[in-house]
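A.B. asks: Now for the letters of each chain:
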Amino acid sequence: MNARFQAIKARTSSLALVSPALVLLGLLFFYPILLLFFTTLEGENIGNYAQVVNSGASMQVFLNTLRIAVIVTVVDLVLAYPLAIYISRLSPTGKAIALFLVLIPLWTSQLVRTYAWMVLLGRQGPINNTLIWLGVIDAPIRLANSEFAVVAGMTHIMLPYMLLPIYNSVSKIDNSLFDAARGLGAGAFSTFTRVLMPLSIQGVLAGVSLVLVLSLGVFIMPALLGGGRVPVIALLIEQQAGSFLNWAMAGTLSAILMVIVIITFLVIKFATRMLVRGRIDVASA
Amino acid sequence: MPDLRNTSALKLENIRKAFGPVDALSSINLEVSAGEFLTILGPSGSGKTTLLRLIAGFVTPDSGRLAIFGKDMTMASAGKREIGMVFQHYALFPHLTVLENVMFPLEMRKHSRREAADKASEALAAVRLDAFGDRYPKQLSGGQQQRVALARAVVFEPKLLLLDEPFSALDRRLRESMQREVKQLQASLNLTTIFITHDQEEALVMSDRIAIIDRGTIQQLGTPNEIYYHPQSITVAQFIGESNIFEGTETPHGLRTPSGMLLRRAVPSTSGRVLVRPEAIRISREPDANRATNQFKGRIANRTFIGGFTIYQVDVHGGDALTVRCLADEETMFEASQEVHLSIREADCRPVPLDAKDAPA
Chain R
1 MNARFQAIKA RTSSLALVSP ALVLLGLLFF YPILLLFFTT LEGENIGNYA
51 QVVNSGASMQ VFLNTLRIAV IVTVVDLVLA YPLAIYISRL SPTGKAIALF
101 LVLIPLWTSQ LVRTYAWMVL LGRQGPINNT LIWLGVIDAP IRLANSEFAV
151 VAGMTHIMLP YMLLPIYNSV SKIDNSLFDA ARGLGAGAFS TFTRVLMPLS
201 IQGVLAGVSL VLVLSLGVFI MPALLGGGRV PVIALLIEQQ AGSFLNWAMA
251 GTLSAILMVI VIITFLVIKF ATRMLVRGRI DVASA
Chain Z
1001 MPDLRNTSAL KLENIRKAFG PVDALSSINL EVSAGEFLTI LGPSGSGKTT
1051 LLRLIAGFVT PDSGRLAIFG KDMTMASAGK REIGMVFQHY ALFPHLTVLE
1101 NVMFPLEMRK HSRREAADKA SEALAAVRLD AFGDRYPKQL SGGQQQRVAL
1151 ARAVVFEPKL LLLDEPFSAL DRRLRESMQR EVKQLQASLN LTTIFITHDQ
1201 EEALVMSDRI AIIDRGTIQQ LGTPNEIYYH PQSITVAQFI GESNIFEGTE
1251 TPHGLRTPSG MLLRRAVPST SGRVLVRPEA IRISREPDAN RATNQFKGRI
1301 ANRTFIGGFT IYQVDVHGGD ALTVRCLADE ETMFEASQEV HLSIREADCR
1351 PVPLDAKDAP A
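As they're listed, the protein sequences go chains R and Z. Take the first sequence: its letter number 275 is residue 275 in the numbering used here, and every next letter is one higher. Take the second sequence: its letter number 198 is residue 1198 in the numbering used here, and every next letter is one higher.
In short, the hints are calculated from the structure, not lab data. From the three backbone atoms N, C-alpha and C, an ideal C-beta is built for every residue, glycine too. Incorrect hints may appear among the rest.
Straight-line distance between alpha carbons at most 16 Å, and here's what the computed EDC-like set of lysine to aspartate or glutamate pairs gives [stated by the list, open to error]:
| no. | chain 1 | residue 1 | chain 2 | residue 2 |
| --- | --- | --- | --- | --- |
| 1 | Z | LYS1119 | Z | ASP1130 |
| 2 | Z | LYS1183 | Z | GLU1201 |
| 3 | Z | LYS1119 | Z | GLU1100 |
| 4 | Z | LYS1110 | Z | GLU1100 |
| 5 | Z | LYS1080 | R | ASP179 |
| 6 | Z | LYS1138 | R | ASP174 |
Covered stretches of chain R, going by a simulated chain Z footprint (3 or more residues, C-beta under 8 Å) [unchecked claim]:
| no. | region |
| --- | --- |
| 7 | 178-185 |
| 8 | 189-195 |
Throw the hints in and build the complete structure from the sequences for me.
C.D. replies: As C-alpha cells, then:
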C-alpha cells in the first residue's frame, strides 16, 4: 500500500516537473499544428487531399523525398556503425576527442555547413581540382546542384544523429562478451551477427528512425545544394506557402508529410519491439 | 594412437610479453599435465591476467612458445585453441536464453540445431539447471549464472578449461559450494583446468598444483603442501597463509635474531631466515616439557577471536612480536597483558632460501 502510494507520488511530482515544458510545447507547437490541420479540413480545402493524391507530380515529390531519405539513412548507417564500434574501443581520451569531433558539426549552423559543401563541390572547388590534378577527369564536372550534392550534404549533417545512438548502445556492451564469443569459436562475422548486432539493434533502430524522420523534412540542403533539380516535399510546402500564398495546400502537404513521418516512426518502433522482445535489459549485461 | 601420456596438456616455454616498456610477463615456463588442476595465484598486477589471456589466445606473446597437447598454438586464434573459459563476470550473452548460450559454441562448430540443443540440455543437466533453459541470464542468480557459464565452457568438450577468478563475485557460502561443484565436474570430465585467482585459500583448497606468480614471473610451482610448508622465497611465504618471518645471523645452534631470540631448527640452513606458521606455535600457562622445542616467555598484546580459532599477538620478552593461531578453547582463553609461554618445535622452524628477488637492491 505504502509502496503504491510512493509510486503515485513520484509520478505526480515528475509530472509537475515536466509541466512547464508540456505547456510550452502544447501552446507553441501542438496548437498551431492542430490549427493548420483543421484548416485543411475546412470547407472546400478538404478537396486538396484528393488533388494531392491524384496529382502524379506531387506523389512523385513524396516518393523522391522518401527515396532520398532512405539513401541518406542507409549511407549513414554504413558509415556510422563501424565508426561507432571503432570509437567505443578507443582509450577514454581517444573517445572524448572522437565524440567531440562528431559533435562539432551539430554545433555549427546548418546554413554554414551547406555553404561549405557548395564551396567543396563547386566547379573550381577542391574536389574538382583534385580530380583534374589526378587526371581522373579533364574538365570540371557538375557536382553541386545535383541530387548527389544533396545526398552528400545531408549524409554529413545527419551522421551524428545516426552515430550517437549506435555508439551509446555499442559502448554499453561488456567487452568480455566479444572475448567469450571468440573463445567459443565465433569468427569476426559470427561475432558481429550473433553478438554485437543483436545487442546494439536498439541503438541502430533509434539512429535509423532519427535520420529517416529528419531527412523527410529537410529543407536547406535541397534548396541550396539541389539547385532546383531536387524536388523534395519541404520545398513544395515552402513554394505553396511562400510563392503561391496557398496556406491551405501547404497545410495539406504538411499533414500528409506528418502522417508519413508518424507511420515511419511507428513501423520502426514496432520493429524494435519485435527484435528485442523477451529480453530483460539487454544492453547492460 | 599417439601416446599422450608423456605429452603435457599445456606447455609454455620462455614466454615473454611486454606492454610498452613494461614487462608484463618474463620467461614463463610452465607444464600442465592432462587432467591436472593447476592454479595460477598472484596479487593484482602480478601478470596473472595477462598469462590467462595469453593461454586463451586473446594476447600473443612477444617471444616464446605455447603448445596444447603437443601442438604449437603460439599464434593460433582463441577460437582455434579449443579452450573453454569461464569469465570473471561470466560473460553470458544477455540476449540469448540459457539454452541458447550453451548451444552457442556448438553452433559455431556447425552442429545441427537439434544436436546442439540436445548436448546443451545435457550440459545444463550436469549443472542442475535443465529446468532453466528458457530463462534469460538476467533472470538467474549469480551462482546459477556461474553454472551456466561453466556448462557453456565444457559443452564442446574443450581440451582445456580456464577459470578466471570465477568465484570472486559470489558470497562466501555460495563460493564454497561452487568450488566443490567445479572440482567435481572437473574430476568427472578429467578436464585439464587452469584456474586464476588472487585468493590463496581458494588456491589451496582446489589445486593439484599451484603456480605463484608475481612481477611477471613464476615465483614457485608446487603442490599446496610444498607451497605452504616449503616456500622458496619470502614473497611466497607471505603470500600464502599467515607467517612469522625471522631474519638474523646463523650460529652453530640456530638462527639468532637481532633482538636475541635463538631459533633451533631440525634442518640446518645458512639462509639467515626462518619461517614459523602461526598455528605451529603452542601457547600455554606453563613451560612445555618437551625439550626439542624453542621456548620463549611473552606477554599477550592482543587477542582476536574468530570462532574456531583465536589469534594472539604476543610480545616475546626482549624479542620480537609473534602471531599465534590456535584452536579456540573457552577454558583456556588468554587475556591481554597475560604472561604466557610459547613453544615452537624445531621441525616447524622452516628455513626460507635466500634468492635474488628478495635481496635488497
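A.B. asks: If a hint holds in the structure, say so; if it doesn't, say that too.
C.D. replies: Against the structure, the hints:
1. Z:LYS1119 / Z:ASP1130: Given pair LYS1119 (chain Z), ASP1130 (chain Z) holds - Cα atoms ~11 Å apart, limit 16 Å.
2. Z:LYS1183 / Z:GLU1201: holds (15 Å)
3. Z:LYS1119 / Z:GLU1100: holds (11 Å)
4. Z:LYS1110 / Z:GLU1100: It holds: about 14 Å lies between the C-alpha atoms, which stays within 16 Å.
5. Z:LYS1080 / R:ASP179: holds (13 Å)
6. Z:LYS1138 / R:ASP174: Status holds; Cα separation ~14 Å.
7. 178-185: holds (count 7)
8. 189-195: holds (count 3)
The structure fails none of the hints (numbered hints given earlier).
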